[in-house]
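Could you build the full structure based on these sequences and the hints that come with them?
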Amino acid sequence: MSKIISSIALLQAVFDEHAGKDGDPKTLTKKEVADLLKNDNFPIEPSNQAEADQFFNMLDGDGDGVVTFREFGTFVLALSEI
0 MSKIISSIAL LQAVFDEHAG KDGDPKTLTK KEVADLLKND NFPIEPSNQA
50 EADQFFNMLD GDGDGVVTFR EFGTFVLALS EI
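Each step along the sequence shown adds one to the number in numbering that gives the first Met the number 0, with nothing skipped, and position 61 is 60.
Just so you know, nobody snuck in bad clues.
Here are the simulated DSS-like pairs of lysine-lysine, each with C-alpha atoms no more than 27 Å apart in a straight line:
1) 20 - 37
2) 20 - 30
3) 37 - 25
4) 2 - 25
To be clear, the hints were calculated from the coordinates, so they are not data collected in a lab. Keep in mind that this is a model prediction, so the values were computed, not measured.
Here it is in structure tokens:
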């Protein structure tokens, strides 16, 4: 398996591990995003509720109240440019 495919599979596994605990297994809720950031040692962890809300709204590109794998992947790719 190529490194790119392996990386995508790992990203999907992290997403899947957290998605669906509060509902749809194909999306992340605000709580699931917070748990992912806290439990997977993400380099970004909001320090208060206002920051957490702002961060979630940034991830939720279409504003539907949940984060899809595509939105999550877009965020991870943006992190790689920092």
